[in-house]
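Chemist: Line by line, the protein sequences give chains A and B.
All residue numbers for the first sequence refer to the working numbering, where the first residue is 1 and numbers rise by one.
All residue numbers for the second sequence refer to the working numbering, where the first residue is 1 and numbers rise by one.
Hints listed in this document are in silico derivations from the structure and should not be mistaken for laboratory results.
Since the structure is predicted, the reported quantities are computational estimates derived from the model, not experimental observations.
Be careful, since some hints might not be right.
Here are the computed lysine-lysine pairs in the BS3-like style, where the Cα-Cα straight-line distance is at most 27 Å [claimed, not checked]: (1) B:385 to A:201; (2) B:281 to B:87; (3) B:101 to A:201; (4) B:281 to A:201; (5) B:213 to B:87; (6) B:451 to B:434; (7) B:434 to A:201; (8) B:213 to B:101; (9) B:506 to B:281; (10) B:101 to B:214; (11) B:281 to B:632; (12) B:506 to B:491.
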Amino acid sequence: MSMSPQEVFELPDPSSSDPGAVNEPDRHAAAESLTRGRLILRRFLRHRTALAAVVVLVLMFLLAYLGPYLTVWKYDDFDQEHILTGPSANHFFGVDQLGRDVFARTLHGLQKSLIIGVFAALITTAFAALAGSVAGYFGRWVDAGLVWVIDLLLVLPSFLVLAILSPVLAGKSWLWLVLLLSVFGWMITGRVVRGMTLSLKEREYVNAARFMGVGSFTIIRRHLLPNMASLLIVDVTINVGVTILAETSLSFFGFGVQAPDVSLGTVLGDSQDLATTYPHVFLFGGVLLIITVLCVSVIGDALRDAIDPSSGTSTL
Amino acid sequence: MSQTFSAAEPAPPADSTSPLLEVHDLSVSFRSEAGQVNAVRGVTYTVNPGETVAIVGESGSGKSVSSLAVMGLLPSSATVTGSIRFKGQDLLSLNDRQLSKLRGSGLSMIFQDPLSALTPVYTIGDQIAEAVRIHQDVSKSQAARRAVELLDLVGIPNPQLRAGSFPHEFSGGMRQRAMIAMSIANDPDLIIADEPTTALDVTIQAQVLDVLKKAKEATNAATVLITHDLGVVAGFADRVMVMYAGKAVETATVDDIFYHPRMPYTMGLLGSIPRMDVEEKEPLIPIEGTPPSLLNLPPGCPFEPRCPIAVEQCRQTEPGLDPTDRDSHFAACHRSLEIAQRQWSAADVFVRPTVPEAAAAGIAREERPVVLQLQDLHRAFPIRKGAVIRRTVGSVRAVDGVSLDIREGETLGLVGESGCGKTTTIMEIMNLLKPQQGRIVVLGQDTASLKPDDRRTMRSDLSIVFQDPMASLDPRMPIGDILAEPMWVQKMPDAKIKARTAELLKMVGLSPEHASRYPAEFSGGQRQRIGIARALALDPKLVVLDEPVSALDVSIQAGVINLLDELKSRMGLSYLFVAHDLSVIRHIADRVAVMYLGRIVEIGTSKDIFDRPSHPYTQALLSAIPLPDPEKERTRQRILLTGDLPSPTDVPSGCRFSSRCFVFAEQLDADQRARCQSEDPGLYPMNADHGAACHFAQVREVV
């Protein structure tokens, strides 16, 4: 039974029944103002796996940014004497076929993948929030036009388009890649945001704001988006995992991050044909990628359950 | 605590010496994030065969939970203790399969929301037939025939045909009838009706209550009626149990509850309902505060914090349900005998607030300036069909020629059933745009000629309070910002906004420190006060109130109505008060306009409309409203309208009310009927400032 009694019966909402609120203003003030945030935190903390995932993800970031200081090798140094040797005290993860230190390259790649993932996820969600809420709020031809764009982008094979565009962008900043990933990643969320806007804009508080003469974009910013915040936060988290995977697969095939820059995708792509004979050049990058994406999606799921108890498995 | 109370009237049927349902010391609790919620705390009652017991209480009092426990329909997270005996059989010891056998045949239930209680994918007939076949060994065709019979019994026109309809093709009232048909399909001994008419309009409510009475007669079943509406109780119940904070606080016969209440809470409830049959306007008696949280109840009487006559003993021990001075009348109050001795009534126990006289009251209506004028306002919504090329196939004429005016310092009550175009009318006013047809003049300015800047300025003179206090405040904004928003729009300086916010909070009975809190921390009544404060932020001239109290419990409602009254006289406001509850309208409005199908059918002073209603629709509407007075209820003649509101896509020709009009159906000859069906009646003047849109308008007293 996943329904809590409050949803079935007209039990008093614990946050709304403060008998003396009018006369005794501050009796419950401190206790109750945190209710929602604390409730979410409490539900989130109940997910042991999610907690572990948070810890692991923090470790990943620390590893990616502090790890390179542990070794003397840079990701673009060549050590011709130790080509394809296994892990050792000098080269923690061994050396690849060109004599580059796998540890330094993997960590640098992890850095790049994480930063691309986080950036692209943020921009994707921002796109989605803007387009979805504008389409939903203004309706009519604005809506028709934006929905048409969404449908168009959904039927375009994004991977192919990215592959075709990447030679044009080759050599330019990796930020272009972030932008491209976002342009092809916002549509589904955009639709969800549009749907939520359609229902939120019928709420009386939106009408109230309209009847006060508040401008349309102010209404979107002040009343609509904050009320979808939980959806957007969850969406960013889940998108981090999705974009990391998208970026690595592009880079793996040589379309994403270009040499001499390194991402987890290029690390894996460079060493794919040696994966069976010299597993050390492939294994570490692969394992770090799997762990990162797994952690991010576990956190995303737990966050969604915590914010919206009816969506998942969270029961009393 | 364990006393049961037996009926004084009517005498229990001779064949049954033992009660049908005995609930003894029933407690229900739920576990929640915040702790254990004790929803029901030791309730004891009995229901004798054939009698009607009403359980009355505000939301959160445990009235629904206690009945769901009887039906065995509580979720598994609930802990139920005590005993529930139905015909001597302990229901709590039965497993789900045994209970299922009993549900429907022995016990049956009618739910509040008939849309969610019916399965959308099966026809109404199939669903009733299914209920028949579960408990009776009959063939499919027999069950289908029985379903049609039952639909006929509950007054569904054309039952043979309608049995093949799906729930969404039925209106709310017809769905509730279908639910009643289903609940009596197997001749139950006990029907539990959980707020069966709360979601319905008054004329439909009257029809459904009538059907329920008929169904009761047909099956001779006992009924447990759960409701918050004391008017319904007065006309329907034999005995009443009042619940508060999970406990029964008073039980007695219906007359005793209404005429000799012995518990301050019951008295407060009775004092806080606006009465349609009381002409004199005096402030209502609100019960201060809100019901306690059932989470951590302090010791003592749960009503003590709100009770004006509480003594030290009330804070120490919780009173049991003890006998009072009257027969079979029990009350949970330490001072109930004292109340009886001193013959206290609600007005003695509670303080009746005073409301200052309005400044405008002294000036004749004609001399006061007009703040809002509607002239022949129309609004139609096109119905479009087709996926690619959308063509217009018809239109919903939501507002179809409304004219009215509101003068300074007066309250116009706009009443009508759902779907009559009230909301569309006020949305048209609030949009401040040029209407499709007709004119809207606000404070002397025609909205058609407004420039965007003028429109923004005008918004400070015109504001709105919405129905649902939960939905009208942005949950993500602190109260201070919510109140400041209209002032931001008018670009007021920050320091002024801050001072004004504090002032507004004080004005509506909250404290300025509340500004930093969020809406979720307030109760429904407090939230509505915040909504009112927001509407008054810019010192408007006209406030549109869209059902401002219909979502509130009665004891809270009274306080909000008094506040509106007081603010109106203090600030010289004019109100356009939209409501479906005529008792509230009678209390607050100076003039009343009755709307039917997009048009005003009768308009006049409050006194004219309530004492001398002339349009048949107004008469039916007034007579459909149950009065919280058992004696009056028993003698009252009710005008029952047939059928539902016609669809505004297909307005009847001539008089739009003729399809449901009882005068048309019973009193007119053929020539007169032809006139009704061909000629659209305008507003005929009845006397000064009173008009009715009926060719054969006649005054008839119905209250």
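Chemist: Now tell me, hint by hint, if it's right for this structure.
Modeler: How the hints compare with the structure:
1. Taking the CA atoms of residue 385 of chain B and residue 201 of chain A, the gap is about 24 Å. The hint holds against a cut of 27 Å.
2. Between the alpha carbons of residue 281 of chain B and residue 87 of chain B the distance comes to roughly 49 Å, so the proposed pair goes past 27 Å and is violated.
3. As the CA atoms of residue 101 of chain B and residue 201 of chain A are separated by approximately 46 Å, the hinted pair breaks the 27 Å bound.
4. Among the hinted pairs, residue 281 of chain B with residue 201 of chain A is inconsistent with the structure: their alpha-carbon atoms are about 39 Å apart, more than 27 Å.
5. Simply put, residue 213 of chain B and residue 87 of chain B have alpha-carbon atoms about 23 Å apart, close enough for the 27 Å limit, and the pair holds.
6. At most 27 Å may separate the alpha-carbon atoms for a hinted pair to count; residue 451 of chain B and residue 434 of chain B meet this at roughly 11 Å.
7. At roughly 22 Å between alpha-carbon atoms, residue 434 of chain B and residue 201 of chain A fall within 27 Å of each other, so this suggested pair holds.
8. Note on residue 213 of chain B and residue 101 of chain B: the hinted pairing holds, with a Cα-Cα distance of about 25 Å set against a maximum of 27 Å.
9. Note on residue 506 of chain B and residue 281 of chain B: the hinted pairing holds, with a Cα-Cα distance of about 26 Å set against a maximum of 27 Å.
10. A distance of roughly 25 Å separates the Cα atoms of residue 101 of chain B and residue 214 of chain B; the hinted pair therefore holds under the 27 Å criterion.
11. Between residue 281 of chain B and residue 632 of chain B the CA atoms are separated by roughly 20 Å; this keeps the pair inside 27 Å, and the hint holds.
12. Among the hinted pairs, residue 506 of chain B with residue 491 of chain B is consistent with the structure: their alpha-carbon atoms are about 23 Å apart, no more than 27 Å.
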